[in-house]
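Going letter by letter, the sequence shown gives residues -23 to -1, 1 to 520 in mature numbering (1 follows the signal peptide of the UniProt record, and there is no 0).
Simulated from the structure, these hints should not be mistaken for laboratory data.
Please note that a few of the clues may not be correct.
Said to hold, decoys possible - Below are the DSSO-like pairs computed for lysine-lysine, each with C-alpha atoms no more than 27 Å apart in a straight line: (1) K340 / K22; (2) K147 / K364; (3) K261 / K22; (4) K340 / K147; (5) K22 / K212; (6) K364 / K454; (7) K454 / K340; (8) K261 / K436; (9) K154 / K340; (10) K364 / K340.
To be verified - Simulated DEER-style distance windows between Cβ atoms: (11) P130 / P281: 30 to 38 Å; (12) G284 / S2: 40 to 48 Å; (13) V262 / G20: 16 to 24 Å; (14) W17 / D162: 20 to 28 Å; (15) S431 / S187: 19 to 27 Å; (16) T409 / D376: 19 to 27 Å.
These numbers were taken from a predicted model, which means no experiment stands behind them.
Every residue gets a Cβ at the ideal spot worked out from N, C-alpha and C, and that includes glycine.
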Amino acid sequence: MGRASSLIPFFFFLHVAASGVLGDSPYRFFTWNITYGDIWPMGVKQQGILINGRFPGPQIEAVTNDNVIVNVFNSLPEPFLISWNGIQQRRSSWQDGVDGTNCPIPPGRNFTYVMQFKDQIGSYFYFPSLAFHKAAGGFGGIRVLSRPLIPVPFPPPAGDFTLLIGDWFKANHSALKYVLDSGRDLPFPDGVLINGGGRNGNTFTVEQGSTYRFRMSNVGLTASLNIRIQGHAMKLVEVEGSHTLQNTYSSLDLHLGQSCSVLVTADQPAMDYYVVVSTRFTSKVLSTTAILRYSNSGGRTAGPPPGGPTIQIDWSLNQARSIRWNLTASGPRPNPQGSYHYGLVNTTRTIRLANSAPFIDGKQRYAVNSVSFVPGDTPLKVADFYKIPGVFSLGSIPDNPTFGGGGYLQTSVMAANFRDYVEIVFENYESTVQSWHIDGYSFWIVGMDGGQWSAASRKSYNLRDAVARCTVQVYPKSWSAIYMPLDNVGMWNVRSENWARRYLGQQFYLRVYSPANSWRDENPIPRNALLCGRASGRRTRPL
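Model the full structure from these sequences, guided by the hints.
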């Protein structure tokens, strides 16, 4: 973990108070220094992004409602931001850490993120969001444990392991960015990593007869992954803050940006066993391994690594449908997850979003409803707060797909009203799996199927125990539908988790607006907010 800061100046406590952070909840302080350094994840020296000299970065461990203060010093020669994948930033998109909400941290400067993990539990991760930094590292795990008095629907495990898995390129991130800037797509990845290491680069030691929790996140750039543990069953217990029905799987698909937790019992003979991660839906299958080692093992492995699924889409779709909400389990609060009957609430708006891959001005771009996003000259949240005209226009992306017109460039922002209850349908007419994430929110995945979505598709929706999470996959030539209450005011990034697609435009911002302008609905601009673009030189709101 990042070293705790022991000296916090008085003005900082004023800033914390002005940010709406609750003073009666514990505080956890971290100080991170971001640098470049040499890494060899696949035996080839690369320029990596290190946090306090580490790749991957330090893990954040917290408890529901903790106040998490992360002071980030940017020692890179270029701007930098960190975003928090799945942490909902209640009432404060100011802390989201993406270029549409925050000004970048300039070289040699610092920014202090002030967050409360309000009413959250579960497994998440953080990552660098600017340029193509994500291809260089700078990511790490986040664990949010339940408060001691809140019952958890399984006995305490003997240990808790984090697996950050993802595809990887041997080329430096700057070279990959140049490829995209030149109007081309990325080549096929070179391999797959587990916690920044290649084949057999990680060992997880267990005691025979004990049960362990494995938290897994797909932090990669382009590929869905499958994970399996040789000779051992995986009992799924949590996905992105939701306790699930405890189904048992021999292998699990984890799509870009998704996280989950499984329980694994060391109930086999004392040997070494392979933990295998491999790409899904790719013509060439990339794989890597780690070792599950019994403490009394003689060091022998139990045969070759087990094979897994490759391109079987129906298999993956059926597995996704089997992941259900545990209605009787408590979430972050004492009341059970099923106490909110999401399926009985009438939706107020339907938004249909279709991905596409147009060429614009002779260059490869990616789009949502034919709009390929380009950043404004000022972060959109900052421009909105200071009412700076000309940076973006509300309604610059339509609610429904447009077909046959190619694509066009736009700083796309969709207007939405606070406390609306929306149905969003992600429609995929391409032959590749898509993965979508919405910052600031968790949503219910009420349906997914092949073919084209229509109003009749609602007959197949799961309106009782659909799982709630923040990232959803959409299979080729298929659709996925979600229900989402707009209960978090702010400017929120809706994006493809395929990082090349996001970089080349497959994203937009959802502006959830409340006319009340009340601190009850949204925290004020932080006193330490960085200002840039057309907002340079302005002052943040005084106390």
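Hints versus structure:
Restraint check: the Cα-Cα separation between K340 and K22 comes to about 31 Å, which exceeds 27 Å; the hinted pair is violated. Restraint check: the Cα-Cα separation between K147 and K364 comes to about 44 Å, which exceeds 27 Å; the hinted pair is violated. Distance check on the hinted pair: K261 and K22 sit about 24 Å apart at the alpha-carbon level, within 27 Å; holds. With a CA separation close to 24 Å, the supplied pair K340 and K147 stays within the 27 Å bound.
A threshold of 27 Å between alpha carbons decides the hint, and for K22 with K212 the separation of about 37 Å lies outside it, so the pair is violated. Simply put, K364 and K454 have alpha-carbon atoms about 41 Å apart, too far for the 27 Å limit, and the pair is violated. Of the pairs offered as hints, the one joining K454 and K340 holds, with about 24 Å between alpha carbons and a cut-off of 27 Å not exceeded. Distance check on the hinted pair: K261 and K436 sit about 37 Å apart at the alpha-carbon level, beyond 27 Å; violated.
At most 27 Å may separate the alpha-carbon atoms for a hinted pair to count; K154 and K340 meet this at roughly 14 Å. Using a Cα cut-off of 27 Å, the hinted pair K364 and K340 is violated, with the two alpha carbons roughly 33 Å apart. For P130 and P281, the Cβ-Cβ distance of about 36 Å falls inside the hinted range of 30 to 38 Å, so the restraint holds. A beta carbon spacing of about 47 Å between G284 and S2 agrees with the range 40 to 48 Å that was offered as a hint.
Between V262 and G20 the beta carbons are some 20 Å apart, a value that agrees with the proposed interval 16 to 24 Å. Look at W17 against D162: about 26 Å separates their beta carbons, and that is inside 20 to 28 Å. The hinted window of 19 to 27 Å between S431 and S187 is violated, with their beta carbons roughly 50 Å apart. Checked against the given bound of 19 to 27 Å, the beta carbons of T409 and D376, roughly 24 Å apart, stay inside it.
In summary, the structure is inconsistent with hints 1, 2, 5, 6, 8, 10, 15 from the numbered list given earlier, while agreeing with the others.
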